[in-house]
Amino acid sequence: LIVFITESTVEEGKMPYGDERHEAILEALVEALGEEYVFDDPAVVECYRREGQSSAAMTPMNPEFVVLPDGAADIQAIVRLAAELKFPYSISSTGTLGAGSAATKPYWCWIDPKRMNRLEIDAKNMYAIVEPYVSHAQVSVEARKLGLYNANPSAGGQTSCLANHIALGTQTSAFRTGRASRNILGVEMVLANGDIVRTGSLAMGDEQWYWGEGPGPDLRGFIRAHMGNLGALSITTKIAVKLYPWPGPGILKTEGIAPRKQCVLPDDVARWFMVRFDDPLDGIELMREIGKANIGMIVAMFGPWNMAHHYSKSRQEHFELWEQGFFHRFKYSVLVGLWAVTSLRQLDYEEKVLKILVEQSKGEFIDADLMDAWAPYVVNRNIIDPLSSRAQRVPIGTPPKPGGGIVYDSLSDAKRLIPPHDDLALWVVPIDGGHFAMVSAFAAPGAGDKTPEAEASLGKFMMTAFQKNMKDKVADGNVLGAPIHRVAPLYGSPLHRVALAVKKALDMENVANPGRFINIEEIEKQAQAAKEAKA
Amino acid sequence: VSENQPDVYVTKNPRIYKYHYDMRGVAEDCVRCSNCKWVDPWEMKSQRYARICPINTHFLVDAYSSQGRMDIALAILDGRLDYDDSPMLLDIIYVCDTCGGCDAMCKRNGDREVLRVSLDLRAQLVEAGQILPQHMPLLDSLRKEDNTMMGLRADRGKWADGLTVKDLTRETAEVVFHAGCHLSFNEDLWPTGRATVKLLQDMGLDVGVFGKDELCCGCKLYDMGYRGEYTKYAESNIDAWKTAKAKMVVTTCSDGYWAMKKLYPQNGLELPVYHIVEFIDQRIRENKLKFSRSVPMKVTYHDPCHLGRRMDDFEPGKEIWGVFDAPRDILKSIPGLELREMERIKENAWCCGAGGGVREAFPEHSAWTAAERVSEAIDTGADAIVTACPWCETNFRDVIEERGDKIKVYDIVDLVSMAL
Chain A
3 LIVFITESTV
13 EEGKMPYGDE
23 RHEAILEALV
33 EALGEEYVFD
43 DPAVVECYRR
53 EGQSSAAMTP
63 MNPEFVVLPD
73 GAADIQAIVR
83 LAAELKFPYS
93 ISSTGTLGAG
103 SAATKPYWCW
113 IDPKRMNRLE
123 IDAKNMYAIV
133 EPYVSHAQVS
143 VEARKLGLYN
153 ANPSAGGQTS
163 CLANHIALGT
173 QTSAFRTGRA
183 SRNILGVEMV
193 LANGDIVRTG
203 SLAMGDEQWY
213 WGEGPGPDLR
223 GFIRAHMGNL
233 GALSITTKIA
243 VKLYPWPGPG
253 ILKTEGIAPR
263 KQCVLPDDVA
273 RWFMVRFDDP
283 LDGIELMREI
293 GKANIGMIVA
303 MFGPWNMAHH
313 YSKSRQEHFE
323 LWEQGFFHRF
333 KYSVLVGLWA
343 VTSLRQLDYE
353 EKVLKILVEQ
363 SKGEFIDADL
373 MDAWAPYVVN
383 RNIIDPLSSR
393 AQRVPIGTPP
403 KPGGGIVYDS
413 LSDAKRLIPP
423 HDDLALWVVP
433 IDGGHFAMVS
443 AFAAPGAGDK
453 TPEAEASLGK
463 FMMTAFQKNM
473 KDKVADGNVL
483 GAPIHRVAPL
493 YGSPLHRVAL
503 AVKKALDMEN
513 VANPGRFINI
523 EEIEKQAQAA
533 KEAKA
Chain B
153 VSENQPDVYV
163 TKNPRIYKYH
173 YDMRGVAEDC
183 VRCSNCKWVD
193 PWEMKSQRYA
203 RICPINTHFL
213 VDAYSSQGRM
223 DIALAILDGR
233 LDYDDSPMLL
243 DIIYVCDTCG
253 GCDAMCKRNG
263 DREVLRVSLD
273 LRAQLVEAGQ
283 ILPQHMPLLD
293 SLRKEDNTMM
303 GLRADRGKWA
313 DGLTVKDLTR
323 ETAEVVFHAG
333 CHLSFNEDLW
343 PTGRATVKLL
353 QDMGLDVGVF
363 GKDELCCGCK
373 LYDMGYRGEY
383 TKYAESNIDA
393 WKTAKAKMVV
403 TTCSDGYWAM
413 KKLYPQNGLE
423 LPVYHIVEFI
433 DQRIRENKLK
443 FSRSVPMKVT
453 YHDPCHLGRR
463 MDDFEPGKEI
473 WGVFDAPRDI
483 LKSIPGLELR
493 EMERIKENAW
503 CCGAGGGVRE
513 AFPEHSAWTA
523 AERVSEAIDT
533 GADAIVTACP
543 WCETNFRDVI
553 EERGDKIKVY
563 DIVDLVSMAL
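Chains as they are written, first to last, in this note's numbering: chain A, 3 to 537; chain B, 153 to 572.
Hints are not guaranteed to be accurate.
Think about it this way: if two alpha-carbon atoms lie no more than 16 Å apart in a straight line, the pair counts; the simulated EDC-like pairs of lysine to aspartate or glutamate are [said to hold, decoys possible]: (1) B:Lys470 with A:Glu319; (2) A:Lys255 with B:Asp319; (3) A:Lys364 with A:Asp281; (4) B:Lys414 with B:Glu467; (5) B:Lys498 with A:Glu287; (6) B:Lys170 with A:Asp281; (7) B:Lys197 with A:Glu257; (8) A:Lys333 with A:Glu366; (9) B:Lys364 with B:Glu438; (10) B:Lys414 with B:Asp465; (11) A:Lys357 with A:Asp369; (12) A:Lys357 with A:Asp281; (13) A:Lys88 with A:Glu37; (14) B:Lys310 with B:Asp365; (15) A:Lys147 with B:Glu495; (16) A:Lys255 with B:Glu495; (17) A:Lys354 with A:Glu257; (18) B:Lys170 with A:Glu322; (19) B:Lys440 with B:Asp354; (20) B:Lys470 with A:Glu257.
If you want a taste of the chain A side facing chain B, the calculated C-beta under 8 Å gives, among others [claimed, not checked]: (21) Pro44; (22) Arg51; (23) Val143; (24) Met206; (25) Ile253.
To list a few chain A residues with every Cβ distance to chain B over 10 Å, as calculated [claimed, not checked]: (26) Leu70; (27) Glu215; (28) Lys354; (29) Gln528; (30) Lys536.
Derived by calculation from the structure, the hints in this document are not laboratory data. Glycine residues also receive a C-beta, built at the ideal position from the N, C-alpha and C atoms.
One chain only, chain B, in its complex shape:
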């Protein structure tokens, strides 16, 4: 027994010391503890809202969980599971919202970045030609019109019609406002985009937009596993911003923010990227933005996954990082407004169901996930759900309309505009 020298094993185990990510290592390291399915027990507030993984809660079997994806990843890596063996494989892999709830819990419990394994697995599937048929319309839309919304390229800039804002295809500006695909093609969201531009201008900033020539950020492509296509968009955007002599990029889209802030630096981006909430919060702190009107409303805040826990740069032992406080601080500073927190917040937040290509490919599951969140929001007694992402906003609005709920949905910029 003494010859076994377990201490040597421990000290030399690279999975323990000097952490680095490796796909097989993380998958093998899964101890099937089930923490990826539940919110942090320290933050659990009821039996009803105890779960964190939408797919496991909805579809029940373990294949629909991070734990299951670790097993499937290993089976594929080991050649035990052929793509053709399983009629359910693609659905299982792609129905995940990539919300990262499992990831936060597994980082908390086991120093493991399980979402990276899921995303890498998707990239591997795409590489192997295993493409989900439901993704084809979205991919076609990107290839033909450079957007994820099946809209015409010519219509992309309509949201800004009539706005006095620099056209970055012809002019230069210090601040690029990236509207994103969803805001550009969803008329309900246009007021948010217009209000954001006005807000930035009122702050004295030199703002410009690309209008119909703006390109998709590529976030959805990355989450769906299309790394090559993502890179194309990242590099094109970076080049365009360089040509426009921009000094910073601002967006209201959490998906876009995540891609531009977390991924683009690997593609050569050197500009700072801000989500509008960070920008507003900073101005409030500097006393450069003051609210003059009361907004008498009870609201609850939904943490968009890409703005929240998915922003984390993992380092074992470090707090999971996300833009959690800025939106809350903004809401708390609006006169008359009362913030009522939902049970699952920050790193424990329940997803809106729109991420990872799920809204497009699995609309029923996407709506179910959103409905769970809307119910949680209603249970706070709030008049409105406030969020900071157009995808979340639309998914909630669709469900509310479908169910006939009375709760309203706002982007945080809308409330800021009301209070100014």
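So that you can see chain A by itself, here it is in the shape it has in the complex:
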């Protein structure tokens, strides 16, 4: 279950095709990009009516224009035209689980970066330079051929590598490879004022992509604050992504035809283990010990729901397995992948250490026959295509616990399991069975107390959005974006005020994905109300 939260005021009604303003914007966009890359046909814009899986939660609305830029210069031209002619815009690449890019105002321009699909790998320095429409699978396969691993932040192989990285993904190799945001090296972005910014070593010129921070203050916050991957403050046009050693073959051998495709890696490349726990805290303890012992490449906790949806080949199979309680007996299970990154001896050593750690833990290895049946469908997904097809197939927006208590349970788990970082949370992604609650702790200086009231309020808000989806019968998935003025105050964070200041400085006409993530009017209204209350 992945639930983001959003609210936006959609100005409903059919777009005013053909009026003078429309024609003026169209003409300007055509002049900037060329006729073949600008669309306003009703059938074309209809296909950008909704993003991700939020068609019920956000009232859908067609954009008025769809444009296909070819790079930073084109984006710069669009952004400057938007400010000049005062039309709103947003960007979305592969769109997987994406939310927050659909139109909410008239004259909206959707930027589709499909022409920005260049990939370059520097094998010696172990990074890939990617544009927005390069998929994870493309990076992964080309990297593997060079003995490198793209630490896909648990999105599908079809997902934009760039967008997924800047959207703060985490991954099953995170304990070894770090969070996605920390794997971003040089960045090229177009700010909402049209300036092109190059950060990290890239700022030194000469196409140097090897380092992510500086010079001066770290500007990487612009690429994601707040939901910046969708264009509220900037549009990221190119990033370098750090790659890691991969000991296996470039092309992974598979067997069978989808959806019953299996993949088994040779024993001298990778070995997989699953350790079952009754209490997730004990599982976390093992994960911590694995980290301390400095072994393993993949470590993640799976619960019954996740185990079932990764294993099942159809929705029906998933729910049948769930209702039969087939995977319930595994309770919380820690998946460990050991890779022969340096040598076979290292792999043997790591296996030996893992066995000692498991013996000392409160867990036990799951039966070999069950592991053998489950693993071929699942484990190498962590390398190829994490959390993709099967997460798409299973209604991930459906709470598996009776009464829909997962949101509250997850918030509670977050508080219990991940102190003190829950205090920094700006959004919470509760995923039953393994993730409990991933708390994304990004940029929240001076976070205040997290109160039970605030927690309940957040949970209620999430569930309201969720119920709306259920009512509208599109609960097969549910991803919504979070407006900063709603979430930050819940945690006593002043981030919404910082965001407001930056937004107003860069986007004077308020055209960069306006009203949704950094809602100038709402934040100012909130500030005024607080001021009056104080007075």
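Once you have looked at the hints, place chain B on chain A.
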């Protein structure tokens, strides 16, 4: 919150339990995941050949994708999009090759038959009189001459001139060889038809053809949305085969095979239908067909969409089915021949660009799609592309000739004949 009872919603959701197809349901179920645009990540072998949808790869915007067609279908069903609103609508709907790459990927990901939505949408457009002008010559040809090739009915049987084979307009036979429109009117393909008849006869089979009285199978009509016209041809063919007292139908055309095998039973066909590759493969397995000559050649095999993934009868969780193995097994059994696979094969295969009426209506896109496949074939280092469909063969040959490529194209029957 507890009153919401989401578990009840889940267990009663007909889109999850006891799967059945419904057009609106599939379209609404699209989660915009983009999997319909890419080959299965498990099978992706390079950045260059990572895409599965020809129209999205070529035209880029999402309207040209399965995802976009789901949105357009919903807009039409909901009355939000009038046919007259969009100058691009008909092109968007009809430029799709109906290759089913999106369908395979969406079945893999979401238990959704998205190609059926596209085909139903076309049928709805035709029903509403929304006819693509570029289709008119083809439709005229069918109405006047009963073929899709703008050929004269009188010339249809010329491919078999001089062959000693039963004439099913006057005689009966156990096996009907259905040549199909494309083979009948493309002289380059006649040797394949003649070789097939000879092959069947050498197997001791009682074979007959309808010659100039053979009718179109209707596959293209079905894919273009002309369900009424398709039915007319299906029923006429079934009646003719009944009159000829046939016990089975064999064809070398993948389009025809798909229509006869998958659609005709709904029109009352009770005879078994075989593509020639199934027939040959079966004979090899039974040791009834043995190759005596070496064919020293490096070849790559192109899966025709209608013979491959479009043959699947969807059942959630089941492997996507198509005639994937038989042609490969035949090629592997030919002495001296080396099979080099392309990157996108079987359910992940890239289309030749000739299907769904696209070769006729959008020749530029059709050729672009074929050129992509030919490049992929050349990258294997093969001397030749082998396929099992006359439409694919012709589309590849045209592109190769246009570009001056050296790679050759064969129907699999041609290679079998060389090896016998």
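Quick rundown of the hints versus the structure:
1. B:Lys470 with A:Glu319: holds (11 Å)
2. A:Lys255 with B:Asp319: With Cα atoms ~50 Å apart, lysine 255 of chain A and aspartate 319 of chain B exceed 16 Å; violated.
3. A:Lys364 with A:Asp281: holds (9 Å)
4. B:Lys414 with B:Glu467: Measuring from Cα to Cα gives roughly 15 Å; hence the hint holds.
5. B:Lys498 with A:Glu287: violated (45 Å)
6. B:Lys170 with A:Asp281: violated (35 Å)
7. B:Lys197 with A:Glu257: holds (15 Å)
8. A:Lys333 with A:Glu366: holds (11 Å)
9. B:Lys364 with B:Glu438: violated (34 Å)
10. B:Lys414 with B:Asp465: Holds - the C-alpha atoms of aspartate 465 of chain B and lysine 414 of chain B are around 8 Å apart, at most 16 Å.
11. A:Lys357 with A:Asp369: holds (14 Å)
12. A:Lys357 with A:Asp281: violated (19 Å)
13. A:Lys88 with A:Glu37: Between lysine 88 of chain A and glutamate 37 of chain A the Cα gap is close to 21 Å, so the pair fails against 16 Å, i.e. violated.
14. B:Lys310 with B:Asp365: Roughly 11 Å separates the two Cα atoms, so the pair holds.
15. A:Lys147 with B:Glu495: holds (14 Å)
16. A:Lys255 with B:Glu495: Holds: lysine 255 of chain A and glutamate 495 of chain B sit about 13 Å apart, inside 16 Å.
17. A:Lys354 with A:Glu257: The given pair, whose Cα atoms are some 30 Å apart, is violated under the 16 Å limit.
18. B:Lys170 with A:Glu322: This hinted pair holds, its Cα atoms lying about 11 Å apart.
19. B:Lys440 with B:Asp354: Holds - the C-alpha atoms of aspartate 354 of chain B and lysine 440 of chain B are around 10 Å apart, at most 16 Å.
20. B:Lys470 with A:Glu257: holds (14 Å)
21. Pro44: Because about 5 Å separates proline 44 of chain A from the closest Cβ in chain B, which is inside the 8 Å limit, the hint holds.
22. Arg51: Hint on arginine 51 of chain A: holds, closest Cβ of chain B at ~6 Å, below 8 Å.
23. Val143: Given a least distance of 5 Å, the restraint on valine 143 of chain A holds.
24. Met206: violated (28 Å)
25. Ile253: Because about 6 Å separates isoleucine 253 of chain A from the closest Cβ in chain B, which is inside the 8 Å limit, the hint holds.
26. Leu70: violated (6 Å)
27. Glu215: For glutamate 215 of chain A, whose nearest Cβ neighbour in chain B is about 28 Å away, the distance exceeds 10 Å, so it holds.
28. Lys354: Non-interface label on lysine 354 of chain A holds, nearest chain B Cβ at 31 Å vs cutoff 10 Å.
29. Gln528: The claim stands: glutamine 528 of chain A keeps its Cβ more than 10 Å from every Cβ of chain B (closest is about 27 Å).
30. Lys536: holds (34 Å)
Of the hints listed earlier, those the structure fails to meet are numbers 2, 5, 6, 9, 12, 13, 17, 24, 26, in rising order.
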